[in-house]
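Residue-level listing of the chains:
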Amino acid sequence: MKNIAPAISPPSGIGDNKPANHVVLDWVHEVELLTKPENVFWCDGSDREHQYLLQEAVRQNVLIKLNDQKVPRSYLHRSNPNDVARVEQFTFICTPSKEEAGPTNNWSEPAQTYSKLHGLLKGAMRGRSLFVVPYIMGPPDSPLTKVGFEITDSIYVVLSMRIMTRMGAIAVKRLGHDLVAEWNRGVHSLLDVDPARRFICHFPQDNTIISVGSGYGGNVLLSKKCLALRIGSYLARKQGWMAEHMLILGVESPEGKKHYVAAAFPSACGKTNFAMLIPPKHFAGWKVTTVGDDIAWMQIRDGRLFAVNPENGYFGVVPGTNYKSNPNAMKSIAHDLLYTNVALTDDGDVWWEGKDPDGSGPNHAIDWRGNDWTPDSKEKAAHPNSRFTAPVRNNPVLDPDFEKGEGVPISAIIFGGRRSNTMPLVFQSFDWEHGVYLGATMASETTAAATGAVGQVRRDPMAMLTLAIISGTGSQLENA
Amino acid sequence: MNWFRKGEGGKFLWPGFGDNMRVLKWIIDRCEGSNGALKSPIGWLPGLHDLDLAELDLDRKSVDELLEIDHEDWKKELAEHKKFFDSLGGVVPQELTNQREQLAARFAE
Numbered sequence: 001m002k003n004i005a006p007a008i009s010p011p012s013g014i015g016d017n018k019p020a021n022h023v024v025l026d027w028v029h030e031v032e033l034l035t036k037p038e039n040v041f042w043c044d045g046s047d048r049e050h051q052y053l054l055q056e057a058v059r060q061n062v063l064i065k066l067n068d069q070k071v072p073r074s075y076l077h078r079s080n081p082n083d084v085a086r087v088e089q090f091t092f093i094c095t096p097s098k099e100e101a102g103p104t105n106n107w108s109e110p111a112q113t114y115s116k117l118h119g120l121l122k123g124a125m126r127g128r129s130l131f132v133v134p135y136i137m138g139p140p141d142s143p144l145t146k147v148g149f150e151i152t153d154s155i156y157v158v159l160s161m162r163i164m165t166r167m168g169a170i171a172v173k174r175l176g177h178d179l180v181a182e183w184n185r186g187v188h189s190l191l192d193v194d195p196a197r198r199f200i201c202h203f204p205q206d207n208t209i210i211s212v213g214s215g216y217g218g219n220v221l222l223s224k225k226c227l228a229l230r231i232g233s234y235l236a237r238k239q240g241w242m243a244e245h246m247l248i249l250g251v252e253s254p255e256g257k258k259h260y261v262a263a264a265f266p267s268a269c270g271k272t273n274f275a276m277l278i279p280p281k282h283f284a285g286w287k288v289t290t291v292g293d294d295i296a297w298m299q300i301r302d303g304r305l306f307a308v309n310p311e312n313g314y315f316g317v318v319p320g321t322n323y324k325s326n327p328n329a330m331k332s333i334a335h336d337l338l339y340t341n342v343a344l345t346d347d348g349d350v351w352w353e354g355k356d357p358d359g360s361g362p363n364h365a366i367d368w369r370g371n372d373w374t375p376d377s378k379e380k381a382a383h384p385n386s387r388f389t390a391p392v393r394n395n396p397v398l399d400p401d402f403e404k405g406e407g408v409p410i411s412a413i414i415f416g417g418r419r420s421n422t423m424p425l426v427f428q429s430f431d432w433e434h435g436v437y438l439g440a441t442m443a444s445e446t447t448a449a450a451t452g453a454v455g456q457v458r459r460d461p462m463a464m465l466t467l468a469i470i471s472g473t474g475s476q477l478e479n480a
Numbered sequence: 001m002n003w004f005r006k007g008e009g010g011k012f013l014w015p016g017f018g019d020n021m022r023v024l025k026w027i028i029d030r031c032e033g034s035n036g037a038l039k040s041p042i043g044w045l046p047g048l049h050d051l052d053l054a055e056l057d058l059d060r061k062s063v064d065e066l067l068e069i070d071h072e073d074w075k076k077e078l079a080e081h082k083k084f085f086d087s088l089g090g091v092v093p094q095e096l097t098n099q100r101e102q103l104a105a106r107f108a109e
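First to last, the protein sequences are chains U and P. My numbering applies: residue 1 is where the first sequence begins, and numbers increase by one. My numbering applies: residue 1 is where the second sequence begins, and numbers increase by one.
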């Protein structure tokens, strides 16, 4: 196998901060024996570690440093052109019985799947570094917060997880010495980024995720769709909460009265834009603030529905983002972030289709594949599913209660989709049960976010079609 | 809600982006019980004057199209709901099957 991720050799004091928890140490050791890395890098989330990893990523051409005058402290990553979206057809739920995986998922028998994956992982990290990434999902003092550890051989994954989650010492500390605590085990290896050896497998009974053969966002940032939604929906059902594919926003009237709403849209239907909405002039004095743009963990307490955003960053679609469509997103992606699969201009800036509302653009750039690009090129400069990975702190309208442990109280749940006909702009259900029906039957025309045909109407209950693990979607529908 | 409805010539009818505030405002008002709606077979729809469309360049025809419930389209939609539920096997709760029947019945009224 070609080594696409050569091992790094950090100086003393970086990458050697081993956690004390013996269950974690034993598990890492097991993966180490299987994958045979050259060394193990223990992430602690410190600034020093961050700077070192960025420098190594640039040295290995995993990241390209952008012009500090244009996009301060930011980098561009290009994924393998065969690896640009989540792969639903290679995503498996490995529960003991097929029924437990639910009718909307691909099921695979656990023992056989472990055996197949272990075969692929055998010696897979030879000559590479094995990174151990501890993280928490959820505000530090929320009762819903979960600990995860992701093992990966991709420096891009480490740097992305540092943005998308609360990563490092905070998770190690939270887990402490507890030998029976619940935490998620994630194992990721790039292998050789071959679609024929690409599998994203979830073992909800073992709170384990194994992802091989991809280096792209949703397939490899195991905190997000894998833990926060798929494993999350399984844990939620057992533990009496809900893991939902929903943005959460606050809306405050000029009189200071505030409501929060949660909204489920399938991917690439404008969740991020809606969560960062700037009201038109006519609505002077109204304020919209973002709690989350993708995932909501919710629980009913004292008769009210409360929600937290378990994430710490945004992984949004770039093309079409501009100062007209989403000024707050533009400010969020102006510094301290990673771009994936956008175009690089000659002056070290990034560019994408729709960046300039007037349709202008550079006369020359390097496209997302690394080839020369001009306005006459037939190919897109940025991949339609190119992404930004940006910290929530970049968002000028981050809700002040984003970190609140108990979450924010939800006044309304919105279901939406991309429908060119049939569905009116907005309507309200008659009652709760009817509302559940609206969520259960929602549908959207497909886009590039998940690979597959574009433009077909696909049913996507609660926007969770491929993101929920339940013993029958029915159970989720009953619980919703 | 649906920001993506298209009119003649395949053009999006709704401006979207910041103007989605207008729809959000209707939802908040409904939560507070301070705004109106019309009963339709599929649920409560904003009436023409329930949505704040001031200072928006949107003609009456587009608004009508945005809020239109086309019975032929919904006949197809209901059939799709049934097809989808059937595809899930026996896991669809009875309450949801009942909801579909009630929806069909409201169209038949």
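FYI, nobody ran anything at the bench for these hints, they're computed from the structure. Careful, some of the hints might be misleading.
Far from chain U, by Cβ distances over 12 Å, these chain P residues were calculated [as the list claims (entries may be wrong)]:
| hint | residue |
| --- | --- |
| 1 | 30 |
| 2 | 39 |
| 3 | 49 |
| 4 | 52 |
| 5 | 59 |
| 6 | 90 |
To give an idea of the interface, some chain P residues facing chain U are shown, with a C-beta separation under 10 Å as derived from the structure [said to hold, decoys possible]:
| hint | residue |
| --- | --- |
| 7 | 2 |
| 8 | 102 |
| 9 | 105 |
With a straight-line Cα cutoff of 20 Å, these simulated DMTMM-like cross-link-like pairs (lysine to aspartate or glutamate) come out [stated by the list, open to error]:
| hint | chain 1 | residue 1 | chain 2 | residue 2 |
| --- | --- | --- | --- | --- |
| 10 | U | 287 | P | 59 |
| 11 | P | 6 | P | 57 |
| 12 | P | 25 | U | 358 |
For glycine and all other residues, C-beta sits at the position ideal for the given N, C-alpha and C.
We went through each hint and held it up to the structure:
no.	hint	verdict
1	30	6 Å, violated
2	39	8 Å, violated
3	49	15 Å, holds
4	52	7 Å, violated
5	59	15 Å, holds
6	90	8 Å, violated
7	2	4 Å, holds
8	102	8 Å, holds
9	105	13 Å, violated
10	U:287 x P:59	27 Å, violated
11	P:6 x P:57	16 Å, holds
12	P:25 x U:358	30 Å, violated
Checked against the numbered hints given earlier, this structure breaks hints 1, 2, 4, 6, 9, 10 and 12; the rest are met.
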